[in-house]
Each structure stands twice: as C-alpha cells, then as structure tokens.
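Protein chains in written order, with the working numbering: chain C, 1 to 109; chain S, 110 to 220.
Note that these hints are calculated values from the structure, not bench results. One or more hints might be untrue.
Claimed, not checked - Distance condition first, Cα-Cα at most 30 Å in a straight line; then the derived DSSO-like pairs of lysine-lysine:
no., chain 1, residue 1, chain 2, residue 2
1, C, Lys81, S, Lys166
2, S, Lys166, S, Lys122
3, C, Lys81, S, Lys122
4, C, Lys101, C, Lys81
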Amino acid sequence: GQSLEQPSEVTAVEGAIVQINCTYQTSGFYGLSWYQQHDGGAPTFLSYNGLDGLEETGRFSSFLSRSDSYGYLLLQELQMKDSASYFCAPSSGNTPLVFGKGTRLSVIA
Amino acid sequence: KAGVTQTPRYLIKTRGQQVTLSCSPISGHRSVSWYQQTPGQGLQFLFEYFSETQRNKGNFPGRFSGRQFSNSRSEMNVSTLELGDSALYLCASRRPQETQYFGPGTRLLVL
Numbered sequence: 001g002q003s004l005e006q007p008s009e010v011t012a013v014e015g016a017i018v019q020i021n022c023t024y025q026t027s028g029f030y031g032l033s034w035y036q037q038h039d040g041g042a043p044t045f046l047s048y049n050g051l052d053g054l055e056e057t058g059r060f061s062s063f064l065s066r067s068d069s070y071g072y073l074l075l076q077e078l079q080m081k082d083s084a085s086y087f088c089a090p091s092s093g094n095t096p097l098v099f100g101k102g103t104r105l106s107v108i109a
Numbered sequence: 110k111a112g113v114t115q116t117p118r119y120l121i122k123t124r125g126q127q128v129t130l131s132c133s134p135i136s137g138h139r140s141v142s143w144y145q146q147t148p149g150q151g152l153q154f155l156f157e158y159f160s161e162t163q164r165n166k167g168n169f170p171g172r173f174s175g176r177q178f179s180n181s182r183s184e185m186n187v188s189t190l191e192l193g194d195s196a197l198y199l200c201a202s203r204r205p206q207e208t209q210y211f212g213p214g215t216r217l218l219v220l
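Sequences and hints are given; from them, build the entire structure.
See the structure below:
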C-alpha cells in the first residue's frame with residue numbers, strides 16, 4: 001500500500017519563508033514531485049527530486065531524504081499569489097503518482 | 110508544444126445518466142491517467158492507460174471506465190451517475206518515468 005502525510009493547512013506572512021513537509025510510504029519508490037494547484041485550476045508541476053538532496057528552482061526548493069521517507073517544499077519570499085494547495089506525489093517507477101489531500105497555503109499581508 | 114486538453118470543460122447531468130469525458134495528451138506522451146478531485150477526498154487516482162491498455166486502476170466502482178485510442182487520446186465514461194460523482198475530473202499525460210502534466214479538467218455537476 002501507499003500512504004502520504006502532509007499538513008492540511010499552513011499560514012505564512014508575505015515575504016516570509018514556509019516549509020511544507022511530506023512523509024510517505026510507498027513500494028518501489030522512484031522520486032518525489034511537488035505540484036501547485038490554485039482554486040479552480042489544475043495541478044501544475046513545481047519540482048521533482050529523483051535523488052536525495054536539495055533541488056532549487058527560483059523561489060522554490062525541494063528536498064528529499066529516501067532513508068527517512070521524507071521530503072519538503074520550501075517557498076521563499078512568499079507572495080500573495082503563492083496562496084494555493086500544494087501536493088507532494090511519490091512516483092513509483094511506471095506506477096502513476098499518488099496524491100494526498102494536499103496542504104493549503106494561505107499567504108497573508 | 111500544446112498542453113493536455115480536456116473536453117468538455119463543464120458539464121451538468123442528472124442522476125442515472127451517463128457521461129463521457131475526453132482527453133488529448135501532450136504530443137508524444139503515450140501514458141494518460143485520470144483523477145477525480147473532490148473537496149472531501151482530494152485527488153484520487155482512477156486509472157492509467159498506456160498504448161491503449163489499462164495499466165493501473167484505482168479503487169473506483171465499475172461504473173467508471175475508460176479507454177485509450179491509437180493516437181493516445183483517452184476517454185473516460187461514468188454510467189448511472191450519482192450525486193457523489195460531482196467532481197473535477199483531471200487527465201494527465203506523461204512519458205514513462207517522467208512527471209505528469211495535467212489538463213484543465215472537466216467540472217461535472219450531477220443534479
């Protein structure tokens with residue numbers, strides 16, 4: 001079986017840094033992806049960690065530790081437009097990604 | 110390169126009817142997956158098709174079915190609609206071992 005845990009909600013101040021954690025249990029684990037979804041929109045790909053360590057893409061960074069079955073998404077210099085839901089999604093080879101219920105991030109002024 | 114397209118974007122049906130949703134993947138992507146998203150359950154995997162064959166299936170009743178054509182386009186069908194089938198239905202395409210790219214979704218309302 002597969003399971004995912006993410007906080008359901010996070011609130012942070014504009015300009016600050018926020019970290020969204022993800023723990024998972026999957027078989028045949030391959031990599032960890034992060035998606036962003038605004039209300040009424042479709043999920044959009046943010047980043048992918050195929051190896052342990054940190055991946056940086058502009059204001060967003062993602063980290064993976066396979067030994068701990070743990071990853072996180074780090075958002076810096078938060079902007080109001082970052083208010084959205086964020087999903088971590090383990091990928092198991094050719095098996096489709098498994099999504100949890102996501103973390104709803106609210107950025108406040 | 111064009112993204113994943115889904116038609117229709119919005120749909121209203123009544124209980125007991127059936128519905129067919131369509132998905133055209135990104136050119137060159139042969140894997141198409143379908144998801145149902147509801148406020149209560151989040152994103153749930155329905156099924157995945159690759160080269161016209163269903164490769165994986167989620168935990169949904171047999172009323173939910175799908176197929177893929179030789180050009181990789183995919184359709185999903187829901188028969189005997191129930192109120193609880195009201196949801197955003199998302200299609201995603203990808204190459205093997207790569208991440209998925211989602212379409213805009215079809216928002217289905219069952220009355």
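Evaluation of the provided hints:
no. : hint                : result
1   : C:Lys81 - S:Lys166  : violated (35 Å)
2   : S:Lys166 - S:Lys122 : holds (25 Å)
3   : C:Lys81 - S:Lys122  : violated (34 Å)
4   : C:Lys101 - C:Lys81  : holds (20 Å)
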